[in-house]
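Peer 1: All chains, please: the whole structure from these sequences, using the hints.
Residues per chain are reported as follows:
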Amino acid sequence: MTHHLVSRRLMMQLTGGAAGASILPFGGARAQAQTLRAGIAGFGVINTLDPMKASLIPEYYIMYGVFNALLKFNSKMEIVGDLAESYKTIDDKTLELKLRRGVKFQDGGDFTADDVKFSIERVADEKNASPNRSKVTPISEVKIIDPHTVRIMTKDPYGPLLNYLTNTRTGTQIVSRAAVTSMGQEAFARRPVGTGRYMVKDWKANEGVELTGFAGAFEGAPRFMSVNCPLIAEESSGMTAILGNQIDLTSTAPFADVPTLEKRTDIRVLKQAGLNTRYIALNNKRAPFDDVHFRRAVSMAFDRDVLVKAVLFGEGVASPSILPPAHWLDGALAANPAVKFDPAAARAEFAKSKYKAGQEGVMLVWGSNWWRRFGEIFVGQVNQVLGVKLTIQAMDFNAALARTRAGDYDAMVMGWLGLVDPDEYIGEMLGSKGFRNIHHYASEKMDGLLARARTEIDPKKRTAIYREAETLALEEMPVLPCFTSNVHNLIRSNLTGFEQFAYANFGDQFGNMKPG
Amino acid sequence: MGAFASGLTRTAQRFGGVVLIALLGAAAVFFALRAGQGDPALAALGDQATPEAVAAFRARWRLDDPLALQFGRWLAGAATGDFGASMVIASGEPIAQLIASRLPNTLFIGAYALALAISISLTAGVVAALRHGRFVDGAATSAAVLGISMPDFWLSYVLIYALALGLGLFPSYGFTAPSASFAGALYSGFLPALAIAAPMAAAFTRMLRTALLETLHRDHVRVARSLGHGERFVFVHHVFRNALIPYVTVIGLQVRYLLGGTVVVERIFGVNGLGSLMVDAAFARDYPLVQACALVFLVCVLIVNFAVDLVCAQLDPRRA
Chain G
1 MTHHLVSRRL MMQLTGGAAG ASILPFGGAR AQAQTLRAGI AGFGVINTLD PMKASLIPEY
61 YIMYGVFNAL LKFNSKMEIV GDLAESYKTI DDKTLELKLR RGVKFQDGGD FTADDVKFSI
121 ERVADEKNAS PNRSKVTPIS EVKIIDPHTV RIMTKDPYGP LLNYLTNTRT GTQIVSRAAV
181 TSMGQEAFAR RPVGTGRYMV KDWKANEGVE LTGFAGAFEG APRFMSVNCP LIAEESSGMT
241 AILGNQIDLT STAPFADVPT LEKRTDIRVL KQAGLNTRYI ALNNKRAPFD DVHFRRAVSM
301 AFDRDVLVKA VLFGEGVASP SILPPAHWLD GALAANPAVK FDPAAARAEF AKSKYKAGQE
361 GVMLVWGSNW WRRFGEIFVG QVNQVLGVKL TIQAMDFNAA LARTRAGDYD AMVMGWLGLV
421 DPDEYIGEML GSKGFRNIHH YASEKMDGLL ARARTEIDPK KRTAIYREAE TLALEEMPVL
481 PCFTSNVHNL IRSNLTGFEQ FAYANFGDQF GNMKPG
Chain B
517 MGAFASGLTR TAQRFGGVVL IALLGAAAVF FALRAGQGDP ALAALGDQAT PEAVAAFRAR
577 WRLDDPLALQ FGRWLAGAAT GDFGASMVIA SGEPIAQLIA SRLPNTLFIG AYALALAISI
637 SLTAGVVAAL RHGRFVDGAA TSAAVLGISM PDFWLSYVLI YALALGLGLF PSYGFTAPSA
697 SFAGALYSGF LPALAIAAPM AAAFTRMLRT ALLETLHRDH VRVARSLGHG ERFVFVHHVF
757 RNALIPYVTV IGLQVRYLLG GTVVVERIFG VNGLGSLMVD AAFARDYPLV QACALVFLVC
817 VLIVNFAVDL VCAQLDPRRA
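Chains as they are written, first to last, in the numbering used here: chain G, 1 to 516; chain B, 517 to 836.
One or more of the hints may lead you astray.
[What the hints assert, rightly or not] Simulated DEER-style distance windows between Cβ atoms:
#, chain 1, residue 1, chain 2, residue 2, range
1, G, Lys127, B, Trp670, 47 to 53 Å
2, B, Gly608, G, Pro343, 17 to 23 Å
3, G, Val306, B, Val827, 56 to 62 Å
4, B, Thr527, G, Ala406, 29 to 35 Å
5, G, Thr471, B, Ser665, 33 to 39 Å
6, B, Ser665, G, Lys127, 37 to 43 Å
Treat the hints as calculated values from the structure; they're not laboratory data. Just so it is clear, CB atoms sit at the ideal spot from N, CA and C, and this is done for glycine as well.
Peer 2: Set out below in structure tokens:
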């Protein structure tokens with residue numbers, strides 16, 4: 001134990017800090033033993049708390065605890081019932097779900113099949129412009145059989161359906177029709193009503209969200225009846241906050257500090273291989289990445305393991321595919337020469353391209369330091385091996401995104417976190433109409449494979465089709481897969497009950513947490 | 517009467533200058549923001565936004581109107597204290613309300629930092645000048661060079677690791693608003709204020725030391741001594757008072773850096789102030805919010821400079 005000349009407790013007492021004035025928003029802090037302090041690190045903004053409108057990961061961090069979905073993942077990443085007690089496939093295009101009885105919304109209303117129908121249909125409604133709309137457009141009808149039974153019918157067999165009904169970044173969390181209707185969408189987005197174990201008590205823009213426990217939750221009243229979730233814009237500040245006992249839990253941790261943090265006894269580091277992908281997005285319609293030989297040459301001209309060491313400090317693995325190795329469908333994709341660092345092979349492939357040494361190109365980098373380091377190391381290696389002149393242009397994410405949308409870029413560091421279905425990775429990134437396809441990559445063969453995978457409901461057959469798609473991607477190299485990073489949470493050692501999932505969960509675990 | 521009228525004219529001219537600079541500053545921020553890359557719609561709607569949703573967002577906030585019209589509309593509102601609503605990071609919340617809740621924290625940290633910087637520099641500058649060429653002078657001068665050389669974000673983490681995590685004297689993160697507890701604000705705001713104050717204190721110390729040394733050797737000081745005045749009297753009335761004019765001027769000039777410092781330091785220490793709000797608003801391209809924050813900062817700087825001019829005029833011994 002560390003002894004200080006003047007203890008923090010004494011200082012707090014002297015200054016009135018312990019008398020109720022919190023140093024975090026909302027007045028939580030240590031004065032209230034029932035308050036859990038869960039810092040959302042690395043983010044300063046939450047735009048909405050309506051699942052239909054949400055797109056940012058910090059929004060989901062909160063919503064995971066406020067809402068339930070029909071289904072969820074268990075600790076083995078198997079799909080199990082959440083608000084659905086059970087489910088069964090009636091035929092290739094019909095899924096029947098039996099709903100839990102006696103479930104209450106946080107405003108006291110009853111949860112019924114009508115809320116399920118409403119929640120899914122509002123995401124599908126074009127007028128609502130939901131960012132998750134494409135996940136539910138294959139649904140033709142949500143049919144109410146009785147107040148506790150629904151059938152979800154699709155136009156064609158729909159492989160991703162079960163994943164897209166889970167309490168992850170899907171937008172299909174179940175909302176109360178009565179609450180949305182009476183409050184209006186804008187008000188609902190600020191004070192949402194779900195069935196989860198926490199209700200939104202206060203949301204201060206750019207500061208954080210305060211949650212209060214829902215005693216009537218079907219999963220049981222939480223141990224911590226109050227949760228304070230400050231938005232901590234700097235990831236390193238999240239770390240110093242928990243080290244200084246200003247918060248109890250963080251949503252992430254700086255890669256470089258993980259080895260040091262793991263040696264501490266007052267903090268536990270939870271980590272596992274994450275469901276995420278980090279890659280170099282290439283503009284396939286613009287020089288020099290419009291040449292498949294050039295793209296393949298570049299892929300062999302940098303060492304992915306070096307990136308893992310230098311960018312992630314070992315907190316991740318090199319990946320030969322944009323589908324993360326941790327994904328339930330994937331397993332390990334066999335080593336492929338196209339993603340192996342081989343300077344001689346890279347130069348031989350470069351010789352086949354229409355570009356020569358000295359070729360210029362610009363790499364956009366954005367975000368925190370490790371993203372910039374990612375781009376710098378990549379460019380340094382490629383320039384050295386191929387003798388080309390790629391340069392770095394740094395900007396913030398918004399500007400970079402606007403550039404990619406306008407098609408005004410050559411290459412950019414890119415990544416996605418917390419996606420649970422291969423359709424979101426390969427389908428949306430490499431499908432010619434996929435909204436994550438900023439690469440202007442269009443391949444009839446790839447589209448055919450992705451369409452087949454989307455309509456295949458046998459998991460084994462789906463896996464085989466995605467394997468084909470991955471192999472095709474390695475041949476045509478529309479993007480350069482690089483690595484996946486571990487997901488991390490820091491938690492004070494005196495707390496238990498937080499179970500971490502590969503898709504970077506957070507708020508869903510607050511209700512399970514307890515001291516000791 | 518003539519002197520009064522002339523003073524009134526000068527004040528009116530100065531006030532007119534302040535308004536003109538505020539207008540030019542507001543225009544510069546407005547057009548620079550629009551000239552930059554990025555789109556508030558993408559920040560508000562996410563990277564999965566459809567073109568239709570983006571178009572609807574832009575129509576709602578009238579972002580496709582001619583820039584001059586947008587600026588005129590914003591300026592007309594700002595002139596009456598209506599800065600509009602946040603487009604992105606506080607979706608629809610009135611900006612005046614946001615500023616009212618965040619500005620006091622920034623002003624508190626800024627004033628706290630200024631008070632610390634002045635206290636440190638007055639002590640160090642006077643001691644260094646009076647012990648010119650001795651060890652204390654060397655130490656104070658070296659500390660000043662070190663202080664000027666340290667970036668505020670780096671110093672912030674040094675202070676966190678040394679005083680918060682190392683000695684456990686202060687919180688490592690978070691801030692108690694002065695409205696909740698003034699003593700709590702003094703305690704939790706000490707490290708962020710010190711991080712901002714250190715480079716300023718260094719600059720002030722160097723300026724004060726130099727001014728005092730120069731003044732100590734001026735003719736009027738020698739004359740005062742020859743008239744038999746005591747050293748303390750001479751120092752206070754003939755040296756220190758003269759040296760205060762450049763010192764106060766430098767304080768006025770440094771205020772802009774003080775406000776810049778809060779932008780960085782607020783994020784590191786978790787102070788919910790105007791600086792951190794402006795940074796996130798800028799990343800999100802929340803145009804009206806950035807414009808309002810920038811205008812508030814600009815007006816603060818202009819007010820301080822205006823006040824410094826008045827103070828310097830009062831300090832001028834020729835007025836005594």
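Peer 1: Against this structure, judge whether each hint is valid.
Peer 2: Right, here's what the structure says about each hint:
Checking the proposed 47 to 53 Å range against Lys127 (chain G) and Trp670 (chain B) shows it holds: the Cβ atoms sit about 50 Å from each other. Distance hint check for Gly608 (chain B) and Pro343 (chain G): the Cβ-Cβ separation is about 55 Å, which falls outside the suggested range of 17 to 23 Å. Val306 (chain G) and Val827 (chain B) have their C-beta atoms about 58 Å apart, which keeps the hinted 56 to 62 Å range intact. Between Thr527 (chain B) and Ala406 (chain G) the beta carbons are some 51 Å apart, a value that contradicts the proposed interval 29 to 35 Å.
Between Thr471 (chain G) and Ser665 (chain B) the beta carbon distance is about 55 Å. The supplied range of 33 to 39 Å is therefore violated. At roughly 58 Å, the beta-carbon separation of Ser665 (chain B) and Lys127 (chain G) lies outside the given 37 to 43 Å, and the hint is violated.
Hint violations for this structure: numbers 2, 4, 5 and 6, all remaining hints satisfied.
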